[in-house]
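The task is to assemble the complex, starting from two chains supplied on their own in separate frames and drawing on the hints.
So the protein sequences, as listed, match chains A and B. Per the numbering used here, residue 2 is the first one in the first sequence, and the count goes up by one each step. Per the numbering used here, residue 13 is the first one in the second sequence, and the count goes up by one each step.
Note that these hints are calculated values from the structure, not bench results. Treat each hint with caution, since some may be false.
Residues from chain B shown here face chain A by an in silico Cβ test under 10 Å; the list is partial [to be verified]: (1) Ala507; (2) Pro670; (3) Arg677; (4) Val692; (5) Glu693; (6) Arg694; (7) Tyr695; (8) Thr698; (9) Leu699; (10) Cys702; (11) Gly706; (12) Arg751; (13) Leu753; (14) Ile755.
Backbone N, C-alpha and C define an ideal beta-carbon position, used for all residues, glycine too.
Here are the chains, one letter per residue:
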Amino acid sequence: MSSPAEIVLDRRGGSVVARLSGEVDMSNAAYVREQLLASTPNDALALVLDVSGCRYLDSAAIEVLFDVSRRLGRRRQELRLVMPPTSPLRRVIELTEVHTAAPLYESLESALSE
Amino acid sequence: MLGRRAHRQGKELRARVSRQAAVAALGQEALSGMDLDELFDATAAAAARELDVEQVAVLERTRDGQGMLARAGVGLPDGVLGGVLPVDPKRLRQDLGSKSAISASIGARRRDFGVIEAHSRSRDHFTEDDSHFLQTVANVLGAAVERAAHDDHVRDSEAQFRELADTTPALMWMTDAEGDITFVNEGWRRFTGGESDVGVTFATSAHPDDRDEALRVWQEASARREEFRFEYRLRHAASRDHRWVVEIGVPRFTDGEFVGYVGTATDIHERRAMEESLRESEASFRELADTAPAMMWTTGPDGLITFVNEGWLRFTGTTFQEEMGASWALGVHPDDADRVLSGWEEALAERRPWEDEYRLHHHSGDYRWVGDRGVPRYEGGRFAGYVGTAIEIHERKLMEERLFEIYQREHRIAETLQRSLLPERLPAIEGVELAASYLPGAGGAAIGGDWYDVLERPDGRVALVVGDVVGHGLRAAASMGQLRNAFRAYGMVEASPAEVVARINRLVMSGVEQVMATVLYLVLDRETGEVAFSAAGHPPPLVIAPDGPRYLEGGRSVPIGAADPAVFREATAVLPPGSTLLLYTDGLVERRDAPLAQRLELLAGAAPDPDEDLADMCNRVLATVLGEGEPQDDVALLAVRPLPAALTHISLTLPAEPGSLARLRRRLSRFLHATGASEVERYEVTLTICEAAGNAIEHAYGPGDASFEVQVDFEQGELIASVRDSGRWREKRGEFRGRGLTIIEDLMDEVTVESEHGGTLVRMRRRLSEEQAA
Numbered sequence: 002m003s004s005p006a007e008i009v010l011d012r013r014g015g016s017v018v019a020r021l022s023g024e025v026d027m028s029n030a031a032y033v034r035e036q037l038l039a040s041t042p043n044d045a046l047a048l049v050l051d052v053s054g055c056r057y058l059d060s061a062a063i064e065v066l067f068d069v070s071r072r073l074g075r076r077r078q079e080l081r082l083v084m085p086p087t088s089p090l091r092r093v094i095e096l097t098e099v100h101t102a103a104p105l106y107e108s109l110e111s112a113l114s115e
Numbered sequence: 013m014l015g016r017r018a019h020r021q022g023k024e025l026r027a028r029v030s031r032q033a034a035v036a037a038l039g040q041e042a043l044s045g046m047d048l049d050e051l052f053d054a055t056a057a058a059a060a061r062e063l064d065v066e067q068v069a070v071l072e073r074t075r076d077g078q079g080m081l082a083r084a085g086v087g088l089p090d091g092v093l094g095g096v097l098p099v100d101p102k103r104l105r106q107d108l109g110s111k112s113a114i115s116a117s118i119g120a121r122r123r124d125f126g127v128i129e130a131h132s133r134s135r136d137h138f139t140e141d142d143s144h145f146l147q148t149v150a151n152v153l154g155a156a157v158e159r160a161a162h163d164d165h166v167r168d169s170e171a172q173f174r175e176l177a178d179t180t181p182a183l184m185w186m187t188d189a190e191g192d193i194t195f196v197n198e199g200w201r202r203f204t205g206g207e208s209d210v211g212v213t214f215a216t217s218a219h220p221d222d223r224d225e226a227l228r229v230w231q232e233a234s235a236r237r238e239e240f241r242f243e244y245r246l247r248h249a250a251s252r253d254h255r256w257v258v259e260i261g262v263p264r265f266t267d268g269e270f271v272g273y274v275g276t277a278t279d280i281h282e283r284r285a286m287e288e289s290l291r292e293s294e295a296s297f298r299e300l301a302d303t304a305p306a307m308m309w310t311t312g313p314d315g316l317i318t319f320v321n322e323g324w325l326r327f328t329g330t331t332f333q334e335e336m337g338a339s340w341a342l343g344v345h346p347d348d349a350d351r352v353l354s355g356w357e358e359a360l361a362e363r364r365p366w367e368d369e370y371r372l373h374h375h376s377g378d379y380r381w382v383g384d385r386g387v388p389r390y391e392g393g394r395f396a397g398y399v400g401t402a403i404e405i406h407e408r409k410l411m412e413e414r415l416f417e418i419y420q421r422e423h424r425i426a427e428t429l430q431r432s433l434l435p436e437r438l439p440a441i442e443g444v445e446l447a448a449s450y451l452p453g454a455g456g457a458a459i460g461g462d463w464y465d466v467l468e469r470p471d472g473r474v475a476l477v478v479g480d481v482v483g484h485g486l487r488a489a490a491s492m493g494q495l496r497n498a499f500r501a502y503g504m505v506e507a508s509p510a511e512v513v514a515r516i517n518r519l520v521m522s523g524v525e526q527v528m529a530t531v532l533y534l535v536l537d538r539e540t541g542e543v544a545f546s547a548a549g550h551p552p553p554l555v556i557a558p559d560g561p562r563y564l565e566g567g568r569s570v571p572i573g574a575a576d577p578a579v580f581r582e583a584t585a586v587l588p589p590g591s592t593l594l595l596y597t598d599g600l601v602e603r604r605d606a607p608l609a610q611r612l613e614l615l616a617g618a619a620p621d622p623d624e625d626l627a628d629m630c631n632r633v634l635a636t637v638l639g640e641g642e643p644q645d646d647v648a649l650l651a652v653r654p655l656p657a658a659l660t661h662i663s664l665t666l667p668a669e670p671g672s673l674a675r676l677r678r679r680l681s682r683f684l685h686a687t688g689a690s691e692v693e694r695y696e697v698t699l700t701i702c703e704a705a706g707n708a709i710e711h712a713y714g715p716g717d718a719s720f721e722v723q724v725d726f727e728q729g730e731l732i733a734s735v736r737d738s739g740r741w742r743e744k745r746g747e748f749r750g751r752g753l754t755i756i757e758d759l760m761d762e763v764t765v766e767s768e769h770g771g772t773l774v775r776m777r778r779r780l781s782e783e784q785a786a
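Bound-form chain B, shown alone (with noise of 0.2 Å):
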């Protein structure tokens, strides 16, 4: 029976594996921009073969919602691919002759694109897991159609920008990461009177006393990806001289990577020169203000408006009287006008600059967005109000929330993708518990590649690996979903950490794509709490010992991608019983605003219990180490505890092959040390039950799938140990095995040997000296 759930299981282990496989081929293919209809070729075969079904069909809604269209299917009839057919789900399972059917729905934003189906004439019903898997290709489909529309609209914006660019009188330009100029528009060659601005940072045409200024503002804000605004004296052609303009800078994003600024440089020479006038005399300064192009105000100590220009006149369509006193506010958009009148009021109680952004009512019927300023004024030492200019800011205004939209969009893709990437969930592994936690980064600046994954090896070990790829957004997330399965694969075949690493560093490097990532690499024996380990670049795992925390040094080298040939090194280390293992990426610990050896400290001190729930735990971690609010970067965290041995019995199963016996050795190993066993017997009780073990797998039926049992108990003083094969155990075959016999048979006191159902049971006993037993 044991034997049979095993074999059960490993199958279940196994399709898993290969769902999990397929999802991440489909989401690369997604990634990669493979053309829609092929993608859904691939997806319905590929579902096909996973849930060994004899049909697959792709359906999209038609538009009028009246319909589903074919767009892609396995084993359809004639006439039904390309065709439309009726939107009830229960015609299509009529003609196909199906038994049963599962579906899943295809969603894009704003669009409810269609459903997969798969159907069987054979199988009666379908698992959770079955429609597990359906439901995370179709969620793959849904971000490919939702990236295939977000495709045609960056190459519609990217023309449309250069066109709205070239036709504004503002003046606009491009930078890229560097800061080097990679676009300017009609509007600033104009102004500038500058052919070669194109390829040369923008502060080459600031005033040589603000270039410096310029450059600093700059960098500081593109090291922090962060808008920036910053006033200063541009070269002005027509006058042969500098302007003061405010430029505003907005970071750009391509698949989620910072590629530089597209920003807007707005002429306001008048206000500088009017904040001035109005020092020396408040009728010059009306005089003067009426002629600028500027909106210009000034209000009263009070705060209401006592004199406005003739340009915010022509802005507005209003009367001079109609914009006296607090009425201006009424032409603040309702949706702005709250947030406007505290901001302004706040700052105007306690007499300082005031500064806000929002819709105003214009003569064409229509809000546009200005940017409007005050600073208060002084009469003989004496406040007199405020007096303030506004510019337009429309155009600029919504480019950045075409480009917050288009980024918002690509970050739903990749974390859609991240998600469908990791582990659905933990697999459950007897004797240790599991749990993990994964968390985006704010705000959606950050989505990125951090992973986590375990998997159990051949020889009984845990491997444990939590990652994090270099850069973020679509990219980043593809690349994650390769690492994670070449992971998978050399994990499984390779049991030295450092071999583990060495591996996928030479594969990536050999590989077209430039990818970086830092990676810790951890196996555990989970009987004896034995752990190897690399840390690539990555920060050290945490152990909660009951005697308290402490980082696992050592082992440590360079990210993985960052050096061919590179050394990787491996640590060892032994978890005292009872401990907690946590892995994390550097989100949970890395912040620019502290030293990296203080958040350290402080996750350390985040978790001091041992025996706490391990799910509470790596909440009340993120919890106390991150703080309120969402974290900077994403997180990823692992947790794992070998669970205490059973102390009076055991029973296993395990695949006949070699590397079972060092598993064996561990499960006894500690069992024995729990009887109060001395030295000598635990040697000779193992070696014996493992003898017996080594000829069920000398004598198993093929490789593969055959298996052997083991049970051991312990009582009143005597140990009972049983190990089942199903092959045939022949008494003497040579020289080697005739000695496998006479340890056994001179190491125990009692030995039967019964063939049964064509496998053999050997049995044996032995007691356990007095004094050390009890």
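Pulled out of the complex, with its shape left as it was, chain A reads as follows (with noise of 0.2 Å):
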């Protein structure tokens, strides 16, 4: 069985929002990235991807973020992260160099200003 997580997809100008809640492990993280790049039509700029709702990562998870935004990156889309600064997933996220692949915003309103 695969571990609860869930995504959820709006449009906001040129930008695709998903939020993405539950936990994400070895055993659901290819599944996310089917849907996180399906969910990503070519005529986006960015992925703006909200972890604020997320409980857990892991190592898989966040090998998912790197390859989604390498792939983006060769269609010249963006892949931008948002997480409150208060997440427990923040240390990790640093740590793991995350956002030297894909920028760190601390609200999804300075994520869809830029």
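Now the structure itself:
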């Protein structure tokens, strides 16, 4: 069985907003990657991934972030990450240097105003 | 060690599931009316396979009891099959050269049919599980033997009934479940002159003034499947008029299902006429009475007999003088006398009408059943005694007894089957306490298709199901077996309760046989108390939480087998710590005499103590809600209580598969909460342990049986964890794993990796922040 994760999609101007909630680990990371790539059409400028509602991300999930960023980059699209400063995930995201692949924003508004 | 034990437990669990499936398959074949010899062959083969033995024999005791006929077997030497063996059990063992053997007796009602034996040349002994399994299949064979005898009996009795019905002067009829006549006997046709009564309700032959009342009585009785008795005027061909008859209808059941009524009508025209004439004059009554074919009597105010008519004397073969006074009671069958006399004396004391059925001594020397009725009579306003009429009801009575006997027998088979299809005992599942009860319905009227089941899912959650197949008797019990297996199968592979129920609905709707069932299917995360459930036409589960009981609403949809396509909903809830969950079938809460809401309230009130012993709680709930006596319908009750996690130590063995990670996280989550760790610490510790576990999973040898162990301790503010696997753990395997290692090393204070016995042991330590750990 896979861990429970949910993605809710929204279009805001040139960006696609994806709110990821639940838990992502090696059992459902591949599924999350497919969903993120499939929900970003060619005409979008950026995919804004909001992980505020995420309870758990492991190294497989972080690998997905790098991979999605790389693939979007080839399509000249950008992956932006939204994570509140209080998130328990913060230290792990910094430790694994995710910000080198996807710029980090503290709120959805600041990610969209770029 | 842990790994080996878990492995052995897994093997035992698989063996039990496989044996249960084998019993269910045999039960269904037995029910489908499979030829007995074929069934014996199939059983012998299944027993050999499940017990892993070389030889199995099904032996039937010969009629004279002097030998055992080998009816079927596996691996028996030439000449044994079909031959008669001596009764001595040691002989077969010697002949087969077996090292050890077990046997179970096959019992059918009124007959010790024989035994089934399993012989092994290689095994030293058999386990308790083995003998339990063999006895269960022997019980199924016993039920099948009985069923075969019962089928012969039904065929005979149906033919006998029609023959009997046409030779008796009584008026007899049968209806289908809708109340339309399907059969009338010669006596009825002669009386009514009606050839065309078949296919219409019997009320069309009633006097127009009585028709509505006749229909009302029939509808009320048939809604409750009850016997009814009704007096009305029936069309009479010879007199071109109507005559008073008393009609008695008894419900008929086939395979436990209501199929209509069988009944008799008896001409009571004289009796009615007598009762009327007596009101006019005693003398003319006696004169009239003697010409009537019915049996009649009168008493004085003291209850002593003052008159019996010719009809009575013709029946008893006594004289008028012999019958006077209290001596009529001497003719009543000794087994009936006490009941009849006390009933009569009570009625007399209160001057109430009296009515009874009893066996009366007949001039032939036998006793024959009569229905006797007396009404008080008054002369000038003064109580003058009783006037009574009796009619012979012997044939009707015998017919009722036979129907009842057939019915009882079928009930017993269904109950045997149902019990063999329910879990022999609930599985032992770590982290939850379980208890269950099953009560069959009253008086044999309702052996149904209620079931319950519990299974541990691969993701570590526990699936619970209670269900109720619509209908009663053998068919319902068989359908229950099929549905139970379907839930076991889909429950293992499908995580979402609504999807499990939807899949089973599709399975049922595509089947040949029509089955409808209400089901409550619930999946419990024992670590977090999260539940997800789907209630298909089923009453809601009850949570007994420390702060009081409440029902889990939502997740409601139509029963299984009602519609296709159908939408099945799912709801979620979180059980507060220390809660108990009660799942039940509607036999517990549904009653004709009380609205459902009131019954649900009663149930909630019956279980206020969440700390009570679980088995005691089940018993008390049943006693409080059902009250005295047997339930009207059968009842299944399943109680589950997640146990509090150990607070200072975790020791887990998990299968090496990605699904185990979610389960490990749940377990860690409870543990870390208990240590007082902060949210960030909880996430980081969980992540590191799971990263180490992820490595163990990735590097496990082959899928399937591999497992890994996790130990976590919390001592003096420090968390000490270890993850041990049996695979090789490589230091760097591409970027992804490298990242996993970075996480482990950076988030823990101390990490060591050791190779041992071809496996890897990772030890990690981290001090938790002082103020929160305190």
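Now for the hints, and whether the structure bears them out:
1. Ala507: Hint on Ala507(B): holds, closest Cβ of chain A at ~5 Å, below 10 Å.
2. Pro670: It holds, given that the least Cβ distance between Pro670(B) and chain A is near 4 Å, below 10 Å.
3. Arg677: holds (7 Å)
4. Val692: Constraint on Val692(B) satisfied, holds at 4 Å.
5. Glu693: At 8 Å from the nearest chain A Cβ, Glu693(B) passes the 10 Å test, so the hint holds.
6. Arg694: holds (7 Å)
7. Tyr695: Holds - the Cβ of Tyr695(B) comes within 10 Å of chain A, reaching about 4 Å at its closest.
8. Thr698: Holds, because the Cβ-Cβ distance from Thr698(B) to chain A comes to roughly 7 Å (cut-off 10 Å).
9. Leu699: Holds, about 6 Å.
10. Cys702: holds (6 Å)
11. Gly706: holds (6 Å)
12. Arg751: Since the shortest Cβ distance to chain A is 5 Å, the answer is holds.
13. Leu753: OK, holds: Leu753(B) within 10 Å of chain A, min 9 Å.
14. Ile755: holds (6 Å)
Of the numbered hints stated above, none is contradicted by the structure.
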